[in-house]
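Participant: If you want the building blocks of each chain, they are given just below.
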Amino acid sequence: MPRFDIPARIIEQTQLAHGIFLLTVKAPAILDSANPGQFCMLEVKYNNSRDPLLRRPLSIYKTRANGHISFLYKEVGKGTRLLSKRRPGEIVRVLGPLGQGFRLIDDRPQCILVGGGLGIAPLLLLAERINQSGKLIILIGAGNASEIPTIEDFSGLTRYFHIVTEDGSLGQRGMVTDLLAQTLQEITGMAQIYTCGPWPMMKAVYYMARKKNIPCQVSMEAAMACGIGLCLGCAVPKSDSRGFLHVCKEGPVFDADQIHWEYTQ
Amino acid sequence: MIHQKNPITQSPNLSIKIGSLVLKNPVLLASGTCGYGTELDGLLDLDQLGGIIVKGISIKPSPGNPPPRLVETPCGLLNSIGLENVGIESFIGDKLPWLRNVKTSLIVNILGNSVEEYAEIAKKLDGAEGVKAIEVNISCPNVKAGGIAFGTDPEAAANVTRAVKKATDLPMIIKLTPNVTDITKVARKVASAGADAISLINTLLGMAIDIKSRRPALANVFGGLSGPAIKPIALRMVWQVVRAVDIPVIGVGGISSPDDALEFLMAGAKAVEIGTATLVRPGTAENVLAGIRDYMEANSIQNVDDLRLPE
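Protein chains in written order, with numbering that gives the first Met the number 0: chain A, 0 to 264; chain B, 0 to 310.
Chain A extracted, bound-state conformation (with noise of 0.2 Å):
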C-alpha cells in the first residue's frame, strides 16, 4: 500500500468539548488509499523546533470525498496540546495511511461495532462501510456525555444503536459491557465484533466474544515512535509466545485472540 509523508493544510481545528478537539486536514493522496482503521503519524512541532521530538498517532476519524481527512483527539500531554494550538491554513506534516485496518468479513453479516470513550475514533469509517453491506449494531460507552461529544455521526447511521454512561449523563447509566451482554444474549446467527477503547474494556469485550465463539478484532494503541516498523518500539505481547507484535505495523487492529490479554508491566 502506498504511504505519503505530506505537507497538509489544516481546514478546521474544532475544540468539541473539554480537551477534546477535530481536526480536519486536506490530504487526498492519503484519504485514497486508506482503508478504516488505520492511522497517520501527525508532526506536532513547529518548523524546525525538536521538542517534541516525535510525531504523534492519531486514528483515521471521517474522511470526504474532497480530500479531507479528520481526526478526533485528546489532549493527553505536551505534543496533543501543541497540536490542538495548530490553526486553519497552517500546514501540519502528516504521514500515512498506516497498519493495518479492520477486516470486513463477508459471511459475518451481523457486526457488532463496540466503542469506549474516544475509542471510537477509528470505528466511524467501518461503521460507514458496513453499513453499506449488512446490519450493523453499535455500542458505545463512556465516562460521561462531554467524552464523546460526535457522538451523533454514529447514531444516524443505524437503528442498532445504544449508548450508556458511567454517570447516566447520556444514555442509561452502565458500562458498554452491560450493553454487548445484552445484545449477544438477543442476536442470533453469524456475528462479527469489532472494538477500540480501553485496555480493560477490549478484554473484558474480548472474552465475552470468546465464549459466544464470535470473533473479535481489536484496534490497540501504544507508545510509538516511526508509526512505520522501525523502531519495533510500539511492542504488545502475544498470546502464543514470548513475543511480541508491533501495533504500528502488524496492527493496530488485530484478531484479538493474538494479544496477551493477561500482560501486565
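Read the hints as simulated data drawn from the structure, not as lab findings.
Please note: incorrect hints may appear among the correct ones.
Unchecked claim - Simulated coverage check for chain B against chain A, where a stretch passes if three residues somewhere in it have a Cβ under 8 Å from a Cβ of chain A:
id: 1; stretch: 33-41
id: 2; stretch: 169-182
id: 3; stretch: 280-287
Owing to the predicted nature of the structure, the values given are computational and were not obtained by experimental measurement.
Note that beta-carbon positions come from the ideal geometry of N, C-alpha and C, so glycine has one too.
Given the structure of chain A, go ahead and fit chain B onto it with the hints provided.
Facilitator: Structure of chain B alone, referenced to chain A:
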C-alpha cells in the same frame, strides 16, 4: 543554452573511503532506526544514500524487551527495545534478497553475548552476497547479559574486534558506547586490535519515572537515550576519537539536519549516520545529503575530507 556554468566550478566529490569500502557519499542510515530497509520503501530513496546499516542481528531471533519500550524526553527518545531481531538465518533468507536490489552499500550490524557468537555471526555474513561491511555493536545498553560488558571494557572490546577480524574479510566498523569515562581508551584498543573504522556514539544510558503510576517509565527501567539531546556529547566524543586513532571515524548521535552533519564532518568524521531523525521524518537522510552538497558547492569545497577543520 541561456545559462552557462562557470567552467571552474566542479560539482563536489561526495564519495568517501572507509578502509577498502568506498561509499558514494557520507550519509548512512544508523542501525536500529531503519529496520531492514524495506520498511522505508516509498518514503526514502535508499539508492541515493552512502549506505544503510540494518538492525542489529544476533545468532538466534530475539523477542526483545517487554513494553513499555519507549518514552519521549525533551529533544530525545529513551528506548529499551532489547535488540529485538529476526536472527541471522532469517536475515539472510528473508531480508537480504530485497536489500541486494538497493543501490547503496549494505552494512550489517551484529550483536553477540560472547566473543564466539560475534565471530560466528561474522563468519555467516562473510560469504553473504550483497553485504559490504559489518558494524559490530559492542555497546547496546539494553540487554542485561549482552553488549554492555564488551564496550565498557577496553580489553573485552579488543577481544571482540580480533575475533571478528579473524572470522571475516569484510571491512569491520566497531560501534562504541559513550557510557565510559574515557572514550579514547576503548577507541585506541579496538583500533590496534584491527578495526577498519569506528562509529560512535551508541545511546546514552538513561531513565525516566512516570510520576502518575509511580514506577519507571520503561519496563526495563533503564534505556538508551538518543535524538538531538545527545548531539553535543556525540560531537565531543567524535572530536576526541578522531584525534586519538588513525582509522576512519563515523559520527552518529542526534543528527537531524545538514548543519548537524556538517559539524560532525568538521570535527573530522569521515561519514555520518542518521538515527532517531529517520523515525521522526523518514526522508531526513536525503535532506541531510542535499544540504551537505549545497554547503560544499556554496563554499567551493571539493572533497568531503576538506570539511575537516585544520588542527
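Participant: For which of the previously enumerated hints does the structure constitute a violation, in increasing order of number?
Facilitator: Of the numbered hints, just 2 does not hold.
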